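J.: Sequence:
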Amino acid sequence: MLRTGILNPALLSLLARVRHTNTLVVADRGFPSWPGLETIDLSLVDDVPTVAQVLAALRPNFVVGRVFAAAELHGANAPGPLALHLAALDGLPVTFEPHVELKKRVPFAVGLIRTGDTTQYGNLILESA
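The sequence shown begins at 78 in the working numbering and counts up one residue at a time.
Because the hints were derived from the structure by calculation, they are not lab data. None of the values given here were measured: they were computed from a predicted structure. Some hints could be false.
Claimed, not checked - Simulated DEER-style distance windows between Cβ atoms:
1) 177 / 81: 38 to 44 Å
2) 151 / 125: 21 to 27 Å
3) 114 / 155: 27 to 33 Å
4) 115 / 137: 17 to 23 Å
5) 86 / 178: 31 to 37 Å
6) 155 / 120: 17 to 23 Å
Idealized CB from N, CA, C, for every residue including glycine.
Could you build the full structure based on these sequences and the hints that come with them?
T.: Here you go:
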């Protein structure tokens, strides 16, 4: 029985299948479903869990080479919530691009983790190292 780290068996299974340069989407509660893309829905209520919390849980178990995020993230959120969101990315190389371009990467991901996050444009695409 697992006692620490990620306890969700579906999420552990998904992480185990990510290989070098594969991508994984960590999305907010409003992110659309993607036909054929395995989705692990962790959402409970608004902001539980957040994208930042999920990323914090993933980082010890998932080697992130780089992150893709929406450029609109900066202008769409208040400074406090934005700072918390960006703090989760500390030390990671981040490419900010238009949200429309970010969504074009989604079909190529191994899977999608949906959170309860309400941060506008808070979706991240993690590329494994």
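J.: All hints are to be evaluated individually against the structure, with a verdict given for each.
T.: Status of the hints after comparison with the structure:
1. 177 / 81: 38 to 44 Å: Taking Cβ atoms as reference, residue 177 and residue 81 lie about 39 Å apart, which means the hint holds.
2. 151 / 125: 21 to 27 Å: Roughly 24 Å apart at Cβ, these two residues keep to the hinted range, so it holds.
3. 114 / 155: 27 to 33 Å: 31 Å, holds
4. 115 / 137: 17 to 23 Å: 22 Å, holds
5. 86 / 178: 31 to 37 Å: 33 Å, holds
6. 155 / 120: 17 to 23 Å: Given range 17 to 23 Å: holds, Cβ gap about 21 Å.
Of the numbered hints given earlier, the model fails none.
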